[in-house]
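The listed protein sequences derive, respectively, from chains P and W. Using the numbering used here, the first residue of the first sequence is number 1, and each one after it goes up by one. Using the numbering used here, the first residue of the second sequence is number 1, and each one after it goes up by one.
Note that these hints are calculated values from the structure, not bench results. All the given hints hold, so there is nothing to weed out.
Keeping only pairs whose Cα atoms sit at most 25 Å apart, straight-line, the calculated SDA-like set for lysine to any residue is:
#1 Lys261(P) / His118(W)
#2 Lys114(W) / Ala123(P)
#3 Lys131(P) / Lys261(P)
#4 Lys165(W) / Gly256(P)
#5 Lys168(P) / Leu113(P)
#6 Lys222(W) / Asn40(W)
#7 Lys131(P) / His55(W)
#8 Lys12(W) / Asn250(P)
#9 Lys261(P) / Asp76(W)
#10 Lys222(W) / His203(W)
#11 Lys253(P) / Ser73(W)
#12 Lys131(P) / His75(W)
#13 Lys131(W) / Phe162(W)
#14 Lys253(P) / Gly163(W)
#15 Lys253(P) / Val54(W)
#16 Lys114(W) / Asn260(P)
#17 Lys109(W) / Gly256(P)
#18 Lys194(W) / Gly81(W)
#19 Lys114(W) / Arg235(P)
#20 Lys133(P) / Phe15(W)
#21 Lys120(W) / Ile227(P)
Label-pair ranges, simulated between beta-carbon atoms:
#22 Arg346(P) / Pro107(W): 40 to 50 Å
#23 Asn51(P) / Phe162(W): 51 to 61 Å
#24 Lys114(W) / Pro106(P): 30 to 40 Å
#25 Ser138(W) / Thr162(P): 55 to 65 Å
#26 Thr132(P) / Lys114(W): 29 to 39 Å
#27 Phe63(W) / Ile227(P): 49 to 59 Å
#28 Ser138(W) / Thr158(P): 51 to 61 Å
Each residue gets a CB set at the ideal place from its N, CA and C atoms; glycine is no exception.
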Amino acid sequence: MEQQNNNNDERIRDISFFQKTLMRPEFGSICGVVLVIIFFLLIATDNGMFNPDGIRNWSVVSAQFAIIAVGACLLMIAGEFDLSIGSMIGFSGMVLAIGSIHFGLPVWQSIILAYILSLALGAVNGIIVIKTKLPSFIVTLAFLYILRGLTIFMSVTTTSKTILSGMKPLADADPIAPIFGGEVFKGFFQWMGNKGWIETFSRGVFEGMPVVSGIPNLILWAIGLVIFGHWLLTRTRFGNWIYASGGDANAAKYAGVPVNKVKILLFMFTAFCACTFAMCQVTEFGSAGADRGLLKEFEAIICVVIGGALLTGGYGSVIGAGLGAIMFGVVQQGLFFSGAEASLFRVFLGGLLLIAVITNTYIRRLIVGSGD
Amino acid sequence: MTSEILELRDIKKNFGSVIALDGVSFDVKPGECHCLLGDNGAGKSTFIKTMSGVHPPSSGDIFFQGEKTTFNSPHDAITRGIATVYQDLGMIPLMSVSRNFFLGNEPTKGGALKLFDHEKANRITEEEMSKFQIQLRSPEQAVGTLSGGERQTVAIARAVYFGAKVLILDEPTSALGVKQTANVLDTINKMRDKGIAVVFITHNVRHAYAAGDRFTVLDRGKTIATADRKDVSPDKLQNLMAGGKDLPSLED
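Looking at chain P on its own, in the form it has when it is part of the complex (with noise of 0.2 Å):
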């Protein structure tokens, strides 16, 4: 039985650079970006949505979309859903505010304290899926609702309240919290609301600062965490575990992949991301609500599929969530400015939606081919 070794097999078609690009999973969300930002910029000329305050404003957004963006990408490409996400904002940034506003912990205290708890219920979301072989989706539904009702009924019982303010004067005079609520590159915008290059106030307490202080750092969490989450995806031998964890559990299991191990350490992961984004939230803004965060696992999930990732898992990209996170912050303050109807945001999301999920689809057909 000799085998003709073809060099050449002509049943291999040629694939246009097109497709190949095409084929990549960033390629829909960097188009969508494009699209979206040209959109505004031709309607929102007046609008003041690109000055530099407006510009901040979208970019705190999108940065708050992305920060969840990229744990709940990471646990999709695995295989598995977190529908706790908001709750876990909720919860978190209660336990901040309350271990600082009512128990007095020093904030970095309570910011260690909302870490842990996190993670470790993100663990528990985790075994729960891995122990019961029960869909991801129902387990972290069900800790949708124990959590949010943890949630606000620990903080009636101790505080007999649902929303705690008071945290800015706590947060910025603590030495870690500011890594968080904080700001960077202060003087350099100073520098540049002097020469004039941005507006800076007239009048009242704040005049000669510039109306754009600094970059929150919020929006460096969001570029470390994607950089971080690109990196581990397409780098490590962590990430090839990833897609094989997603793309077919029970084969990476027989190629001795740990997959239950990278499933439960991506649950903490996205704990983790929901953690931070309720940390930045409650330090910058100075106060906690037990409502807070409330949907965030869906909009975190909308600009996954948005950036590329499958639904059914094995494929997808940080890269692409982060931009997805970034069309999303784009639409929804972009309408804001222009003064549209809010509640065409949504139908505009979930068209959204509907045409990522379509495309999507499209693009695994033309990778694994026809056959499957």
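Please arrange chain W on chain P, whose structure you already have, making use of the hints.
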């Protein structure tokens, strides 16, 4: 005569009240292709899962290179050089050939960071695949774009590259066309010539006879017969699989 590299004696396996295996004995020598035949439900799948460490047996002994041993996980079996190529599992269609090739054995660089060494992975994948006459468009193309026979070959090449001494092939030809089957059988012959012990599971007697040196027939969780190639015809094997009618005449 070389001695057995892997021997399983009187393996029994129960799943609750279901007896999946009721005393199966099997062995394989280096440089031999031992076919495990049986109809659907005969216990072939459970048996290879015992051999590859997925299910520990309820009772019975496993000997590897003459020493009694136990496999508590697939990893145990893999580290001893027992590689299993599953019919539908093993390849992840959405991942690239090189990512699949090194799945679970990723070449790393960067020390504790455990970075995936893509350059090395791609180079080795391309080299190994060309040894099997498979031309890849790129080692980064998704496995989903390969044909069924090519996927089997990638899986076999992977097992051999990672030092498999015993290669267990679970129905490698059942989903393939004529040409692709011929390629896989050819690959099996090459493996045997390299001194690898091949366990070839199939319910197709013709495929088994084209590659096998010895044949063991399973039925209802029991060994019906084991026979050398010279002592048995394809027709006889077929009869055995159908219900073990010719059992006495074979055991002479």
